[in-house]
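Engineer: Protein sequence lines, in the order shown, are assigned to chains A and B.
The numbering of the first sequence is this note's numbering, which starts it at 1 and goes up by one.
The numbering of the second sequence is this note's numbering, which starts it at 1001 and goes up by one.
Think of the hints as simulated: they come from the structure by calculation, not from any bench.
Among the hints, a few may not be true.
Stated by the list, open to error - Which chain A residues stay away from chain B? Per the calculated CB distances, all over 10 Å, these:
1. V3
2. D7
3. R21
4. A43
5. N66
6. T75
7. T81
8. R83
9. G91
10. D92
11. A102
12. P125
Said to hold, decoys possible - Label-pair restraints from in silico Cβ distances:
13. P46/A / A1070/B: 22 to 30 Å
14. I1004/B / L45/A: 15 to 23 Å
15. A1070/B / G122/A: 37 to 45 Å
16. E105/A / D1138/B: 16 to 24 Å
17. R110/A / P1020/B: 34 to 42 Å
18. A43/A / A1070/B: 24 to 32 Å
Said to hold, decoys possible - In silico EDC-like cross-links for lysine to aspartate or glutamate, where the CA-CA straight-line distance does not exceed 20 Å:
19. K86/A / D1077/B
20. K86/A / E128/A
21. K40/A / D1086/B
22. K86/A / D1045/B
Using N, Cα and C, we set each Cβ at its ideal position, and we do this for glycine too.
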Amino acid sequence: MNVQVGDSIPDWVMESVRPERMRTMAAILRDPNPVHWDRKAVAALPFGLGERTINQGPLGLSYMLNMLMDWAGPTSVRRVTVRFPKVVLDGDHVTASGKVTAIREEDGVRLADCDIWLSREGESPSLEGTATVALPES
Amino acid sequence: MADIQPPAEEIRALVGYEFPGGKYTVAHWENFLLTECTGSEPLPDGLVHPVVLFHMPILGANTSIGGMFALGQAESDFSIGIESYDWEIERPLHEDVEYTVTGRVTEADRMEGPRRHDRPGVYDRIQFRFELHEPEGDFAASSTITWTYRRSAA
């Protein structure tokens, strides 16, 4: 895999964040927080979010993992560190993006360090962080 | 949920707290549903989607999201914020493998930040670290979760 510092990782797009997936996720996670499955509970918060459920942080992170795995393979991700400046809401159209910041070798494996982020079109990132990915040999 | 602000000393004393620990095996159905939630097709060869590194360590360490809220004396579910998640994967995780899970509190402190909406800027920052090991004992992955617990009273 020919990768250079500065290369962009192909975007991964979630056309519309679906509330039913948040509900399934809440059940799998045993997450009691109603902001992920009760629109009225979100509307009652003093944050002006309206009647839209809040996507679980790990789900937003998963879109960036999907981007990395589509790019470098399903066993490629070695590390992700992500912060959450803004929430992602049901119905949002979000895009996971990334850029290679360094290439190095460790124990005979070529690794790419990357900046990664998830954002709504034209907005600053809702999630942002870094990733280390093992690059395939060919 | 707590209705008064806990003393800062109680929060700081959480450092070193260890969860009971235990085992966790990701079944195919769980991985299938989890992966579908991410918008991805199932991964090949029984690979577990790495997003599992949020809930699997928590449940495998014999705690829960609600239990972690309670440990930090959260005022409500709505008072929790995410600072960061840091996941390391030494060995890809697979379905039907029994992983050994340990977890503990690595950092805990009272913080002050700017006012946010109708709340004073006092919050507690608590960091949890979980580790997963394969049945033979090899390190497989870790998850470091850093949450903030907003406090409504100074």
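Engineer: It remains to establish, for every hint, whether it holds in the given structure.
Structural biologist: Cross-check of the supplied hints:
The beta carbon of V3/A sits about 19 Å from the closest Cβ of chain B, which is more than 10 Å, so the claim that it is off the interface holds. Interface exclusion of D7/A from chain B stands, the closest Cβ pair being 22 Å apart, more than 10 Å. A beta-carbon of chain B is positioned within 10 Å of the beta-carbon of R21/A; the least distance is around 4 Å. Non-interface call for A43/A relative to chain B: holds, since the shortest CB-CB distance, roughly 12 Å, exceeds 10 Å.
Remark: the non-interface label on N66/A conflicts with the geometry, its nearest Cβ contact in chain B lying 5 Å away (cut-off 10 Å). Residue-level check failed: T75/A sits 4 Å from the nearest beta carbon of chain B, not beyond 10 Å. For T81/A, the condition that its CB be more than 10 Å from all CB atoms of chain B is violated, with the nearest at approximately 4 Å. Not every CB of chain B lies more than 10 Å from the CB of R83/A, the least distance being 5 Å, so the non-interface label is violated.
Against chain B, the non-interface label of G91/A holds: every CB pair exceeds 10 Å, the least being about 14 Å. Distance check on D92/A: its Cβ is at least 13 Å (rounded) from any Cβ of chain B, clearing the 10 Å threshold; non-interface status holds. With a least beta-carbon separation of about 17 Å from chain B, A102/A lies farther than 10 Å from that chain, consistent with its non-interface assignment. At roughly 14 Å, the least C-beta separation between P125/A and chain B is larger than 10 Å, which holds for a residue marked as non-interface.
Checked against the hint of 22 to 30 Å, the pair P46/A and A1070/B passes, with Cβ atoms roughly 23 Å apart. Between I1004/B and L45/A the CB atoms are about 21 Å apart, so this pair conforms to the stated range of 15 to 23 Å. Range check, A1070/B to G122/A: Cβ separation about 40 Å, and the 37 to 45 Å hint holds. One distance hint, 16 to 24 Å for the beta-carbon pair E105/A and D1138/B, holds here, with the actual separation near 22 Å.
Against the hinted window of 34 to 42 Å, the Cβ-Cβ separation of R110/A and P1020/B comes to about 40 Å, which satisfies the hint. Hint check: A43/A to A1070/B, Cβ distance near 26 Å, so the stated range 24 to 32 Å holds. Between K86/A and D1077/B the CA atoms are separated by roughly 17 Å; this keeps the pair inside 20 Å, and the hint holds. Only pairs whose Cα atoms come within 20 Å are accepted, and K86/A paired with E128/A is accepted, the gap being roughly 10 Å.
Proposed proximity of K40/A and D1086/B is contradicted: the alpha carbons are some 31 Å apart, above 20 Å. Of the pairs offered as hints, the one joining K86/A and D1045/B is violated, with about 35 Å between alpha carbons and a cut-off of 20 Å exceeded.
When each numbered hint is compared with the structure, violations occur for hints 3, 5, 6, 7, 8, 21 and 22.
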